[in-house]
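If you read the sequences in order, they're chains A and B. For the first sequence, the positions run 2 to 425 when the working numbering is used. For the second sequence, the positions run 2 to 425 when the working numbering is used.
Simulated from the structure, these hints should not be mistaken for lab results. Don't take each hint at face value.
Same chains, same names: a pair is fine if it fits in one copy or spans any two.
Think about it this way: if two alpha-carbon atoms lie no more than 30 Å apart in a straight line, the pair counts; the simulated DSS-like pairs of lysine-lysine are [to be verified]:
| no. | residue 1 | residue 2 |
| --- | --- | --- |
| 1 | K56 | K321 |
| 2 | K127 | K24 |
| 3 | K232 | K368 |
| 4 | K282 | K130 |
| 5 | K405 | K20 |
| 6 | K127 | K282 |
| 7 | K388 | K282 |
So you can see what is in the structure, the chains are spelled out below.
Protein chains: 2
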Amino acid sequence: MNYLTMPKESLKELQTSLKVQYKALQDAHLSLNMSRGKPGDEQLALVMGMLTCLKTREDLISEDGTDCRNYGLIDGIIEARRLIADLTGTKPENVFIGGNASLNLMYNMVSNAWIYGVNGATPWSKQGKIRFLCPVPGYDRHFRITESFGIEMISIPMSPTGPDMDLVEEYVNHDPSVKGIWCVPKYSNPDGYTYSDETVRRFGALHPAAEDFRIFWDNAYLIHHLDFEDKDELLNIHDALKENGNEDLVYEFVSTSKIVMPGAGICALITSEHNRAEILKLMNAQMICFDKVNQMRHVKFFGSVSGIEAHMRKHAEILKPRFEICFEAFKELGEAGIATWTQPKGGYFISLYTPEGCARRTVQLCKEAGVQLTGAGAAFPYGRDPKDSHIRIAPTYPSSEDLKKACDVLIVCAKLAAIEKLLA
Amino acid sequence: MNYLTMPKESLKELQTSLKVQYKALQDAHLSLNMSRGKPGDEQLALVMGMLTCLKTREDLISEDGTDCRNYGLIDGIIEARRLIADLTGTKPENVFIGGNASLNLMYNMVSNAWIYGVNGATPWSKQGKIRFLCPVPGYDRHFRITESFGIEMISIPMSPTGPDMDLVEEYVNHDPSVKGIWCVPKYSNPDGYTYSDETVRRFGALHPAAEDFRIFWDNAYLIHHLDFEDKDELLNIHDALKENGNEDLVYEFVSTSKIVMPGAGICALITSEHNRAEILKLMNAQMICFDKVNQMRHVKFFGSVSGIEAHMRKHAEILKPRFEICFEAFKELGEAGIATWTQPKGGYFISLYTPEGCARRTVQLCKEAGVQLTGAGAAFPYGRDPKDSHIRIAPTYPSSEDLKKACDVLIVCAKLAAIEKLLA
């Protein structure tokens with residue numbers, strides 16, 4: 002029953018019956034939220050033990066004698082640096098542990114480049130118009146950081162293998178005003194794509210026109226598989242860069258917000274030893290130390306990367322059915338020819354693509370029926386989706402039951418929006 | 002036995018015997034540290050219960066229903082905002098709870114003003130040469146922040162009633178390039194002075210030439226008395242400003258680093274509702290939320306300001322004897338006419354003033370005998386003490402026994418440095 006080939010009269014009949022359905026949904030006074038990538042209650046329950054895993058003074062003494070309860074070690078305790086190094090296939094010498102939010106660390110790296118310049122280069126603030134590449138759809142919070150500095154954002158189309166690398170190379174290797182690119186290389190936000198080996202190798206082989214170009218590699222979902230037996234693999238960017246003598250090009254960011262409790266985790270910056278030394282100099286003027294007690298809490302609770310993996314397998318068990326509820330529901334839109342969607346093997350999001358000009362209307366209809374979605378356009382620089390067709394679906398936070406209800410609403414709204422368009 | 006009036010021959014004899022003492026101290030291979038204001042082990046032991054005070058999901062649900070274990074509330078949970086408001090004599094509407102370090106929040110406010118401008122004014126970075134007033138001696142970390150931006154620092158002499166307010170008014174009210182002043186208004190770092198009521202009132206009545214001038218009011222030691230029966234009182238800066246319609250002029254900072262565990266506490270910015278709204282807008286691009294679990298940990302552990310006060314009374318019991326060890330030891334230098342010092346009723350530091358040109362040498366001699374002091378000059382902008390006479394003493398971290406030993410070394414070194422100068 003493809004809407005696109007349906008006679009107008011049938012569409013109108015369908016619309017009438019959908020409007021009745023919509024009215025009934027509105028009358029149910031739902032209040033459901035699929036707008037942000039938040040872990041749900043079942044996931045949070047798995048880390049309650051972390052709250053009480055540190056008890057004695059001995060628990061808080063690092064192997065090098067550092068008392069986690071006092072000032073010191075701006076770059077973190079060695080145990081935490083080793084844990085993050087193991088998780089990312091790097092060395093503790095490459096790891097700087099930050100506070101509770103990788104987004105803030107990203108902001109900090111942009112603001113350091115803006116104010117002080119990257120490793121001795123002219124500060125970005127004094128170089129006139131500068132630009133960032135933004136694979137789209139992407140993470141709204143990344144774009145908001147660059148927008149806050151007035152950095153011009155250039156959209157780069159995403160594909161299942163990653164950003165359009167021809168375009169990336171064209172810009173990065175020839176335009177010295179291009180200073181950075183935002184990447185979520187694994188289970189990308191919002192498509193859920195993982196960059197192919199070739200894409201990562203091409204990142205590793207970039208020859209930037211700007212000496213102060215950096216890849217902002219937000220590896221937010223590095224171990225966030227939906228199925229540990231059927232998962233994506235991402236090539237190590239540091240290795241790919243090293244092959245080309247390009248180690249300084251990347252700032253990799255990771256966070257435990259979606260491993261433990263969002264806002265109560267730790268984050269880290271992983272980069273070359275040379276970059277790390279430069280960053281340490283700057284950070285020493287901005288900070289005394291981050292929360293080492295919380296770092297040790299992670300170390301004691303998980304023990305090692307195996308501990309984290311065992312824990313994330315439990316997340317997968319909880320989250321995979323949530324994603325499947327959406328995939329199943331979306332089939333109805335697929336059959337009607339009015340949507341396509343991505344089918345990620347990990348991460349926190351699904352991209353749902355409506356016909357052109359229908360995303361904003363769909364989101365609005367959902368809102369008026371009590372289902373909050375991410376604002377249409379949010380995944381694009383300046384909040385503008387040129388086709389108005391992308392909707393970011395965040396299926397993790399609601400319970401399965403609520404998620405089913407929310408999908409029911411979404412399906413009706415997407416159909417109504419598409420028919421409105423077709424009849425217009 | 003005043004050295005200043007002693008015949009040269011006697012001074013030389015004294016020097017010889019002091020050198021023998023110094024050699025013996027060196028041979029003891031001490032390793033003592035009086036360099037930074039760190040709580041000691043006994044203080045830290047008092048908050049171990051905080052590590053396990055949150056156990057259940059219910060413990061983590063804020064009174065407004067917010068789950069502290071998930072994203073949200075960039076300005077903090079209401080319970081924490083109320084606790085800080087009560088502690089500072091303000092309202093929750095004035096409080097923004099930050100991360101684990103007030104220094105970072107101060108850096109953040111300077112960098113926001115630098116990049117975006119204060120409440121819509123031209124960014125500091127685009128105003129040519131700008132300046133900050135720096136009461137001296139002061140906190141080295143404050144000066145390092147302004148130095149990192151290339152902001153020119155103007156020294157303002159401190160007195161037991163606070164900074165020289167004639168000079169402050171002269172600069173602030175007439176020079177639009179003066180954008181800020183660093184203040185530690187209570188138990189100042191390093192003198193331990195508390196600003197008098199008149200000083201605070203004069204701050205409240207400032208009429209800055211610059212529309213984007215701000216007072217950086219680092220109330221780091223607001224409840225850090227050495228004796229709760231004999232403590233300093235500081236007038237409320239917000240009240241003093243309000244009387245003059247000047248509410249927007251101040252950013253007050255507090256931190257629990259020296260109440261709980263340094264680096265694992267929370268910090269806060271207290272300011273007008275108008276400023277707070279402007280800051281929220283900026284912070285929303287830089288951060289998702291701070292660690293609400295740790296905020297709730299504070300709320301549960303202390304309950305209220307009375308709980309904090311009861312706890313800080315125990316700190317006072319531990320710290321007062323430490324300060325008295327120093328005061329007692331310094332008497333010998335006073336009798337020799339080669340030192341004066343401050344006698345704070347709270348905070349973490351004592352200022353020791355040697356004869357001109359002797360501070361650096363004293364610190365060096367101490368270092369060579371295994372006693373680490375804060376670098377001479379550290380309490381002045383650009384690390385330059387024009388008189389080379391100030392030494393910051395931090396008596397809190399070593400045990401009483403170690404502190405006595407460290408003072409013994411310091412006394413011998415201060416004497417040797419003074420005699421060298423007198424004989425030169």
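Worksheet item: Can you tell me if K232 and K368 fall within 30 Å by alpha carbon in one copy, between copies, both or neither?
Response: neither (34 Å within a copy, 57 Å between copies)
Worksheet item: From the Cα coordinates, with 30 Å as the cut-off, is the pair K405 and K20 best called within, between, both, or neither?
Response: Only inside one copy: K405 and K20 sit 20 Å apart there, 84 Å across copies, limit 30 Å.
Worksheet entry | Intra- versus inter-copy proximity for K321 and K56 (alpha-carbon distance at most 30 Å) | Cα proximity of K56 and K321: across copies only (28 Å, versus 35 Å in one copy).
Worksheet item: For the identical chains here, do K127 and K24 meet the 30 Å Cα criterion within one copy, between copies, both, or neither?
Response: neither (56 Å within a copy, 55 Å between copies)
Worksheet item: At most 30 Å between C-alpha atoms: does K127 with K282 qualify within a copy, between copies, both, or neither?
Response: both (21 Å within a copy, 25 Å between copies)
Worksheet item: 30 Å Cα cut-off: does K388 pair with K282 within a copy, between copies, both or neither?
Response: between (45 Å within a copy, 29 Å between copies)
Discussion item. When Cα atoms must be at most 30 Å apart, do K282 and K130 count as within-copy, between-copy, both, or neither?
Written reply: both (27 Å within a copy, 24 Å between copies)
The earlier numbered hints that this structure contradicts are 2, 3.
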